[in-house]
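Protein chains: 2
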Amino acid sequence: MAATSRREQVVADAPRGTEMKELPLGDVYRLIEPGPVVLLTTRSRQGRANVMTMSWHTMAKIAPPTIACIVSSDDLSFFALRQTKECVIAVPPVGLADKVVKVGNRSGRDTDKFATAWLTPLRGERASAPLVAECFANLECRVVDTRLVNKYNLFVLEVLKAWIDSAQPKPKTIHHVGNGAFVVDGEVIHFESHIP
Amino acid sequence: MAATSRREQVVADAPRGTEMKELPLGDVYRLIEPGPVVLLTTRSRQGRANVMTMSWHTMAKIAPPTIACIVSSDDLSFFALRQTKECVIAVPPVGLADKVVKVGNRSGRDTDKFATAWLTPLRGERASAPLVAECFANLECRVVDTRLVNKYNLFVLEVLKAWIDSAQPKPKTIHHVGNGAFVVDGEVIHFESHIP
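One line per chain: the protein sequences are A and B, in this order. Plus 98 on top of the position in the first sequence (first one is 1) and you've got this note's numbering. Plus 98 on top of the position in the second sequence (first one is 1) and you've got this note's numbering.
These are calculated hints, taken from the structure and not from any lab test. Note that the structure is a prediction, hence the values are computed from the model and not measured. Take these hints with a grain of salt, some might be off.
What the hints assert, rightly or not - Cut-off 25 Å, straight-line C-alpha distance, at most; resulting in silico cross-link-like pairs (DSS-like, lysine-lysine):
1. B/K183 - A/K159
2. B/K159 - A/K183
3. B/K159 - A/K159
4. A/K270 - B/K270
5. B/K159 - A/K249
6. B/K183 - A/K249
7. B/K183 - B/K159
8. A/K159 - A/K249
9. B/K270 - A/K268
10. A/K249 - B/K259
11. B/K159 - B/K249
12. B/K159 - A/K200
13. B/K268 - A/K270
14. A/K200 - A/K249
15. A/K183 - A/K270
16. B/K249 - A/K259
17. B/K249 - A/K159
18. B/K249 - A/K183
19. B/K119 - B/K259
20. B/K159 - B/K259
21. A/K159 - A/K270
22. B/K200 - B/K249
23. B/K200 - A/K159
24. A/K249 - B/K249
Unchecked claim - In silico negatives: residues of chain A with every beta carbon more than 12 Å from chain B:
25. G145
26. R146
27. R180
28. K249
Yeah, the Cβ is synthetic: ideal placement off N, Cα and C, and Gly gets one too.
For reference, chain A alone in the conformation it holds in the complex (with noise of 0.2 Å):
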């Protein structure tokens, strides 16, 4: 069941400071192939939001833009995802290290994390599952692959619609290295290269 609002009412929605701009679906491998932590919204089909911290996804295909991602069955957003199949990625700014990592601590089944870390969620245009207002990417995404779910809680996802705050220029991204330890984006480097 998506939203059917329009972007207008997206825009309108968002918060003070937050413009939500369309991303090309071509663009949307730069933001996950450097492997930032992300955000994983659902909502279930009884209507509940929920969002989950995650680190172990990858690109699968540029064209139409496709991710893998493991979501653990001990994670009540699992649940959702396979029931509704659709969710949002959304790529916070490493100044919302803090409550990714406090989203990362709860669980759904107790906390509705949505209010306890203070994050807004969004209404999209193609998927249920809120967007995440104060993340500047927002990937809109459904399942498209569930051959390995079974065995490794493995999803394949298209992106259907992507989201920028052009409010938030070049931000930092962080990448988990394990117990609550981050390494944050730091200088970028250039170099001659033919692969997009």
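Given chain A's structure and the hints, the job is docking chain B onto it.
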């Protein structure tokens, strides 16, 4: 056809300044989860070693350490990997970035990339594919699931043996953001977390 050399031979083969030591398999996720650019090596049944640059990979299980990765069927490595079901994932430090790009820009079809990129192949213990001496970590892997190969070029790998170069303490890694631009690891920040 796994190489049968003992660990001592690996160390004996290592270039001066390299001190490859076994890394506990439970620590492998700390290397892969942050999303660094890696090298993937293979050895064809005809005995030819090849190396490619890879950014599309994710942890899939902590124990046994299991990695999902995408190897394009445009790459020569795809065929050796599918045929032999063995590979090595090597993690390069930022100082190797120019060689990583050289490897990414050329095809094993017309170039011996170990020679051209001045990378040193080392014999491993569990996989026929070579370790890369200049990389600070090397993971010997076998393919354990090919169900998503035809549709997504997605291989599931189990790490059988892991090596870490203790002569390279706390190396910084690189993350590809597209078109030859890489983000280098910056500062490390710490939070209280229940998550491994």
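Hints versus structure:
1. B/K183 - A/K159: Since the Cα atoms of B/K183 and A/K159 sit roughly 22 Å apart, the hinted pair holds (cutoff 25 Å).
2. B/K159 - A/K183: Holds. B/K159 to A/K183 sits at ~22 Å (cutoff 25 Å).
3. B/K159 - A/K159: 22 Å, holds
4. A/K270 - B/K270: This hinted pair holds, its Cα atoms lying about 16 Å apart.
5. B/K159 - A/K249: 10 Å, holds
6. B/K183 - A/K249: 19 Å, holds
7. B/K183 - B/K159: Holds. B/K183 to B/K159 sits at ~19 Å (cutoff 25 Å).
8. A/K159 - A/K249: Answer holds: A/K159 to A/K249 is near 22 Å, not above 25 Å.
9. B/K270 - A/K268: The hint holds at about 21 Å.
10. A/K249 - B/K259: 22 Å, holds
11. B/K159 - B/K249: This hinted pair holds, its Cα atoms lying about 22 Å apart.
12. B/K159 - A/K200: Within the cut-off at roughly 23 Å; holds.
13. B/K268 - A/K270: Roughly 21 Å between the alpha carbons, so the hint for B/K268 and A/K270 holds.
14. A/K200 - A/K249: 28 Å, violated
15. A/K183 - A/K270: Not satisfied, since the Cα-Cα distance of roughly 30 Å exceeds 25 Å.
16. B/K249 - A/K259: 22 Å, holds
17. B/K249 - A/K159: Judged against 25 Å, a Cα distance of about 10 Å means the pair holds.
18. B/K249 - A/K183: 19 Å, holds
19. B/K119 - B/K259: 11 Å, holds
20. B/K159 - B/K259: Within the cut-off at roughly 15 Å; holds.
21. A/K159 - A/K270: 24 Å, holds
22. B/K200 - B/K249: Answer violated: B/K200 to B/K249 is near 28 Å, above 25 Å.
23. B/K200 - A/K159: 23 Å, holds
24. A/K249 - B/K249: 18 Å, holds
25. G145: 27 Å, holds
26. R146: 22 Å, holds
27. R180: 17 Å, holds
28. K249: A/K249 not clear of chain B: closest Cβ-Cβ about 7 Å, inside 12 Å.
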